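Protein chains in written order, with my numbering: chain A, 1 to 232; chain B, 1 to 343.
Hints were generated in silico from the structure; no laboratory data involved.
Some chain A residues judged to face chain B by a derived CB distance under 10 Å, without partners named:
#1 G20
#2 K61
#3 F64
#4 T156
#5 G185
#6 W191
Anything over 10 Å on all C-beta distances counts as not near chain A; from chain B, calculated:
#7 R230
#8 G254
#9 P278
#10 D305
#11 H340
If you're wondering where the values come from, they're calculated on a predicted model, not measured in any experiment.
Ideal placement from N, C-alpha and C gives every residue a C-beta, glycine not left out.
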Amino acid sequence: MSESTRERVFKKLTHAVDLGDEELAAEGANEALAEEVPPYDAIIHGLAEGMKLVGDKYERKEYFLPDMLLSADAMYAGLNILTPHIPKDASRSKGKIILGVVEGDVHDIGKNIVKVMLTASGYEVIDLGRDVPTPEFIEKAKSEGAQVIAMSTLMTPTLMSMQDVEQSLDKEGMKGKVRTIIGGGSVSEEWRERIGSDAYGKDATEAVSKIKTLIDTIIATAESMKEEDGSS
Amino acid sequence: MPSSYDRFMAVLDGRPEEADRTPCVNTTSVATLGFMDAYDAHWPAAHHDPGKMARLGSAAHRLCGLDNVSVPFCMTVEAEVFGSAIDFHEGSARWPSIREFKITEPSELSIPEDVSEAGRVPVVVEAIRLLKEEFGGVVPVNAYLAPPFTSISSYLVDSISFLKWLRRSPETVHEFCRATLDTYVEIANLYEEAGANVITLHEMGASTDIISPTHFDEFVKPYLREITRRVKTPTVLNICGSTMTILESMMDCGATAIAVDERTPIHGARRIVEGKQPGYPIIGNIPAYDVIHAGPVERIGEAVDNAVKDGVDMVAPGCDFWLETPTDNIKAFVDAVVKHAKT
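Working from the sequences, and respecting the hints, build out all of it.
Right under this line is the structure:
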C-alpha cells in the first residue's frame, strides 16, 4: 500500500463524512480494507478527521444540526465496516466510560458523536442511550467499574437531571472515584461549577480530550497510591 | 395611571410614545416553583386544572408586577392534540416530556375533528377565560403555542429523523406541517375567542443553533406566515437561541413583534430591524438563567439598563422563566424596568 493510496482513502472517508454520504463512506471503508490500510488509521485520519471538519463548519455556522446528523450517519456507516477489523491489541480499552443523555431529554446526536470519537480513540463506551434515568448512570458505573460518567443534554429544563446524577454520586460516596463530564447545547462551564461536575466539554473534540485527561489523572493517582503503599 | 394593558398594547400597536414606560413582560412560560407554592398551583396539576393554571399564569403579575399574564406552561399541548403520549412526571415539578415517539409518517397523525375538546386545549381555553374575567382590559392575557416546526420536530416526531428529513426528505416535513397547520390556527383562535389579547408563537426549535437560515425560510417561515395571517389577535414570534442571521426572515413571518433571548444582541438586532421596518417591536433579552435566576439584584438591574439603552421595546427574558427563579429576583427584574419610567 503506497502513501498515496492511504491519502486517497483517508480523503474519500473525510469527504464522505463532510457530505453526509453513507454510501460513499461505506465505499471508502471497504476500499481501506481492500487496500490494507490499517482500519484504526482509516477511522482516525479519515472518518474522525471528517467529523472534526464538520464540527468546525458547525462552529462557523456553515453547517447546522441536520448536517451534523447526516455526517454522523456517514461516519457510522464507515465505522461499522472498519471497527470489526481493528486488531485486538490496538482495540484494548484505555478506559471505561458510561455515556448517556440525561432523563427527560431525547436529543442524542452530540452524545453519538462523542461516542464515535471515544470508541475510535480506543476507549470502551457503555452507551445508555437517551432519556436515561438517574439511577441507571449510578448502577452502571458501579457494575461496570467505569472511570467516567459522561452526560449530555440539549435542552434547558433537563439540566436539573445532571444535578440529580451528581447528588446521587455524592450520596453513594462515589464522588471523586468516578469522574463526571457534562456537555450539550444548554450546558456551560458555569453550570459545571454549580453542580460540581469534574469537567465540561464544549464540543465533541473537547469532550474527548477532557475525558482523556480525567482518565489519565485517575490512572496517575492510582499509581502514585500504589507507590505510597509500597514505601510504607 | 396607564395600565399594563395600555402600555403593552401601545407598543404592539406601534405607538410606543404613548406608553408611560417600557413594558416588562414574559410571553412564554411564567411558572416558577415559588409561584406554584404561593398559589397552590403545582405541576403537574396546573397543566390540567384551569383554576390552578390561571393562578400560576398570573402569579408573576400579582406578586412582582409583570406587565402580562401568560398560559400554558408547556410545549406539548399541540403535540398531544396530534397523538403524542405525554409524561407529566406525576409527583414532581418537571417539564412535561414525550415518553416515546410513535408517529413516523404524516399518515399516522390524528387530526382532531373538534379541537376545542382535544387534549388540554379546553383547559387552556378555560384558564384564559378566567384570566380575562379577572384581568380583561387591565393586564394583557398572553397564550403561547408551539408552532408547527418546533412542535413537530421536538414533541411529535423523533427529532433526529425529522431533522434529517430537512435534507433527505423535505416533502415529508412539508406534509407534516401542511397536515397540521389548520389545527394550530384553530387552537390560536379558540384562545382568542376565550379572551387572549396576544398569541405568542414559541418557536424555540427553529433558531440557527439548530437549523440553517435557508431551512428556516423553507420549512418555518411559510407556515408561520399563514398562521399570523389567519390568527385574529396580535402575535409575537419568540425564538430563543441564535437568530441574528434570520431576523429579517423572522420579520417576514408577519408577527406583530419578535422576541429573542440573550444569544441575539439587541444592539445589532435593532440595526437590522430598523433597516427593514423602522420601529418594528423587539422584545427581549435578559438571560432567564444567568441573570434573572442567578441574580444578584444589581446584575439584573444592569442587564435591564443595557437592554433598554440598546433599544428593546419590551423587556423580557425571551424564554421561559427558569423554574427555580427566586420570586424576589423577578420582582427586581420588574422594578429595574419600572425605574426607566418617563418622568
